[in-house]
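Protein chains: 2
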Amino acid sequence: MPDFYELPEKPDKAELKERLRIRRDELFSKQMIIKEKKIPVLILIEGWGTSGKGTLISNIIKNIDPRFFKVCNINKRTSEEQRYPFLKKYFDLIPEQGKISLFDGGYMSEIAHLKVSGDLTDSDYEEKVRSINVFERQLVEDGYLVIKFFIHISKKEQKERIDALISDKNTKWRISSHDESQNKHYKDYLEAYRSFIDETNNPFAPWYVIDGSSENWAQLQALDIINEALDTAFSNSEISFPVLQNAFPLKKVPKLSSISLKDKTITEEEYDKRLDELQNRLHELHNVLYRKKIPVIIAYEGWDAAGKGGNIKRIAASLDPRGYEVHPIASPEPHEKARHFLWRFWTRLPKDGHIAIFDRTWYGRVMVERIEGFCSENDWKRAYNEINEFEKELVDWGAVVIKFWVQIDKDTQLQRFTERQNTPEKQWKITDEDWRNREKWDLYESAIDEMIKKTSTTFAPWHVLESVDKKYARIKALETVIESIERKLK
Amino acid sequence: MPDFYELPEKPDKAELKERLRIRRDELFSKQMIIKEKKIPVLILIEGWGTSGKGTLISNIIKNIDPRFFKVCNINKRTSEEQRYPFLKKYFDLIPEQGKISLFDGGYMSEIAHLKVSGDLTDSDYEEKVRSINVFERQLVEDGYLVIKFFIHISKKEQKERIDALISDKNTKWRISSHDESQNKHYKDYLEAYRSFIDETNNPFAPWYVIDGSSENWAQLQALDIINEALDTAFSNSEISFPVLQNAFPLKKVPKLSSISLKDKTITEEEYDKRLDELQNRLHELHNVLYRKKIPVIIAYEGWDAAGKGGNIKRIAASLDPRGYEVHPIASPEPHEKARHFLWRFWTRLPKDGHIAIFDRTWYGRVMVERIEGFCSENDWKRAYNEINEFEKELVDWGAVVIKFWVQIDKDTQLQRFTERQNTPEKQWKITDEDWRNREKWDLYESAIDEMIKKTSTTFAPWHVLESVDKKYARIKALETVIESIERKLK
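Line by line, the protein sequences give chains A and B.
Here the numbering used here is used: the first residue of the first sequence is 182, the next is one more, and so on.
Here the numbering used here is used: the first residue of the second sequence is 182, the next is one more, and so on.
FYI, nobody ran anything at the bench for these hints, they're computed from the structure.
Glycine residues also receive a C-beta, built at the ideal position from the N, C-alpha and C atoms.
To be clear about the criterion: a stretch of chain B counts as covered by chain A if any three or more of its residues have a C-beta under 8 Å from a C-beta of chain A, and this derived list gives those stretches: (1) 408-422; (2) 426-432.
Here are the computed lysine to any residue pairs in the SDA-like style, where the Cα-Cα straight-line distance is at most 20 Å: (3) K518/B <-> E277/B; (4) K436/A <-> K194/B; (5) K432/A <-> S335/B; (6) K191/B <-> E631/A; (7) K433/A <-> S335/B; (8) K518/A <-> D560/A.
Between beta-carbon pairs, the in silico distance windows are: (9) S512/B <-> N382/A: 29 to 37 Å; (10) D344/A <-> P430/B: 27 to 35 Å; (11) E338/A <-> S260/B: 49 to 57 Å; (12) D349/A <-> T446/B: 54 to 62 Å; (13) L197/B <-> E517/A: 36 to 44 Å.
With the hints as extra help, turn the sequences into a complete structure.
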C-alpha cells in the first residue's frame, strides 16, 4: 500500500509540533466558517485494525466545539440493520449543514471484510460499490464536503501493536479475533482495500492514504488535508453541477390530460364485493411478505381532495398493525431541511417484511418545492435522477415499490372543495393554501407530467388511480398492490 | 438504448421551430462569453451510422463565428496514428481557451468497434476506458467544458436510412460496409455503446443521449444541452478541484542535498574508453528498437550550467539521425499556453521505434511555473498526479521512459557562470535570468526535491546524474539509457 500512494515525508519533531499547532488553530478558526457557509462535512476514517482510527478522531475533534461535530462509531452491522437497505445505515448518519460527522470506520471496512471472507459475490460487490459512488455523488452535488481517510500501517507494525496490546492485561480486551485474523491475512486485506480505494476514488470525494506509523504524524497529515479540503469547499460554495441524463429504463406513460376519468366507475354492489375479496387477499399476502421478509413501499401522491386519505385507509384496513406504518409527509422540519432531501425518507424506510405507506413523498421535491421555489432549479432538475437512484436501491434491496398518482379533474376538485367548505365537520380539511395551490393547477399539471414521465422506471413505475369515483380508485389501488406483490412472490 | 436513457418529448412543429430560433440566438450570444471567459469547449458527437452526426454538427456551427470553432473529423486510426499512444490522437485536437472543438465521432466509436469486432482484450478495453476517464478529468480540472452526445436511432430507422441512401446512386457512396455490418449486428453495438456510456459517464463530463429520429429535433436537444452546459461553465469558472492523492507506485529517493558529488569522477582515459564502448552499444540498440518498434523518451532536467547540452550531445551522437529528435523546451508560446500544459508534449511524442530527447520538459510546471507563479497553486499541486498519469500512458503504450536530473552544487554553478561571463564565445550562454534564478536556489531545491519524490514512479523513475565532473555524468547517462533499454528488450 505505501508504495501505491504518495505519503508525505515526516518532518522532524520540532517542525511537526509547530505545524500541528498551526493546523489545529486553523481548524479551530474554520469551524465558524463551516457554520456560516452552512457546509455539511462528512469525514470517513478507515484503516487497518490498530492503525489508530480512534486516536486520530480524538485528536481531530480536540479543537472543535462539541456542538459542531458528531462521532459515529460504525460497528458491525447488527441483525436489525441487516433488515434495511445497505445504504440506510450510512444515509441515516449524514451531518446537517454547518456540522461535521466523523465516521469511525464505515462502508470500506464493511465491504472489504465481506469480500475477503468470501461472503460477497462479485456482482453483489459491484452493486455495493455502485451504491457507495451514488451515495457520495448525491451528497457532494448537494453541497456536502466528503473527506475519506485510510490510515495505513505495515503488517509488521500491526503485529507489534497487537502483541503489545495483548501482553498487557489492561488493554488485552481491545484486540478482537478480527484484528488477529486481519494481520494473518494482511495481503488479502491489502488487495481488497486497494481495489476498493481505486473503485471509489472519485474526484469529487477522493481518498487520502495516511501514514499511521506515529500518532502525531498521522494527526498532522489529516489536519493538512482537512484544512485544505475546507478551503476548497469554501471557495466552491456556489458551484452548480451538470445535470446527469436520467439513465434508467423508463416506461412510456400518457399525459394526465389524456387519461379519461368519467368512465372509471364502479357500482355500489360491485364495490362492496370486490373490496371484501381484495382486502382478504391482501391480508393473506401480508403474512407471506412477513414470512419471506419482503418489504413493501407504497407511495401516494395526488391532487388536493383527490381522495388519498380514504384510499390509504382501505389498504391499511387489511393489514396487521404490527407490520405496517403510514407516514404522513408534511413540509420538512428545520433539521430535515438541513440535510439531503432524501434523508427524511431513508430514515423512514420499513424493515424487511414490513410495509410503509407514504402519504405524500420524496416527489415533493419536483412538485411543490420546484413550483414554490423552495429549492434551486439545479436541485429539482437533479432530483429525477436522484429519485430513480433511490428507488433502485430499494428495489435492489428486494423491496416492492408501488407509486400511486391519485387523479381527478379540476371541476371535481372545485366541487369537493366547495363541499368541504360548506360542511362544518369537513371544514378543517380545506385551507387557504389549498385554494392558492388550485390557482396554480396548470403549473402543477405540467410538473406532474414531467415527474411521471421521468420517474416511471420499469422497476418502480407510477400507477394512476382515476379517482372521480373514489371507490373505483380504491379497488384499483388494492388490485395494483396485490398484483405487484404477487409478481414479486412468483 | 432509448429505454435506458430519458429522451425529452418532441414538441410540435411550431414549438420546435420557435424554440430552435431562441436556442440558436442564445448560442450566438454566448460565443463571445466563451471567448471572454477563456473557456475551452470540447463537444464530442458520437452515434449510430446514419444517425446524422454530420448534419447535427453543421446545424450547431451555423450560428457560430468560424474563428471560434473547429470541426475535427475523427476517422479510422491511420497506420501512422497507430504508431503513437492511444490518447495522442485526441489530445492533439483539444481546443484552446475561448474556442470550441467539435469531434465528429471519436473514442467511443473507435473502442466500441474494436470491442464488437473482438479486436480488443478485456484488459485492453479497461485500460482504454481508464485512459479516457483520465483524459476527460484532466481537461475538466484545467477548466475545459466537455460535452458528450450520443445520437440514437432504432435498428429499423437505421435500416431504412441505409436502404434509402443506397437506392440513390448519388448517395450510395455514403454507405460503407461498416454501416451495413453495424445494422446487422445492431444488438452487439447497442450493448457495447451502453457499457461504454456507463463506464465513462462522469459527473464532470456526462453523456447525453439524443433522439436522432428527426434532424431539427436532434438539433434542438443538442442546443438545449450546449446552452445549459455553457451556463453552468460560466457560473463555475472559478472553481478549484480537490487535489487527488498520487496513486502510483513510488520509489524511495534521496534528497538532492544528500547526494555526494565530488567523489563522482572519472579519469580521462577511462572516459574515452567507456564513451566509445557505450556509444557503440547504444547505436546497436537503436537498431533493435527500430526493428521492434519500441519508442524511447529521454527527459532532461537540471540546474543551469549543469551540463545538460553536452550530455545530450553524447547520447545523440550514437543515434541514427532518422530515428531520433531533440526537443528544446522553452517557455510556452501563446497557443500552447492556451491549452492544457501537457498538450505541447503530447504533440511532440516520438512514433514507435523512435527516440525523443527533451531538453527541459513537462516538469517545468512544478519548477519554474510553480516558483514564478506562472500557474495557480491548484495547477501545480495537481500536476504531480497528471504527470504520473501522462508517463503511465507512455509506459502502457510500450515506451521506455528515462528521466534525468543533472545535478551540481551551488559553488560549481557559480564557477561555471563566471567562466561563461569571462569567455567571450560563451557569453551568449549566460543571461540575467540565470543570475536571477540562481538567487532562488533554495526555493528551487525544495521544489525539485518534492518533484523527484512525487514522480519517481517505479515505471518511470528519476535518475540523478552527478555532473560536477561532466564526463562522469555523460558515462552514467549512457549507461542508464542502455540499461533501461536492455531491461525492456529482455
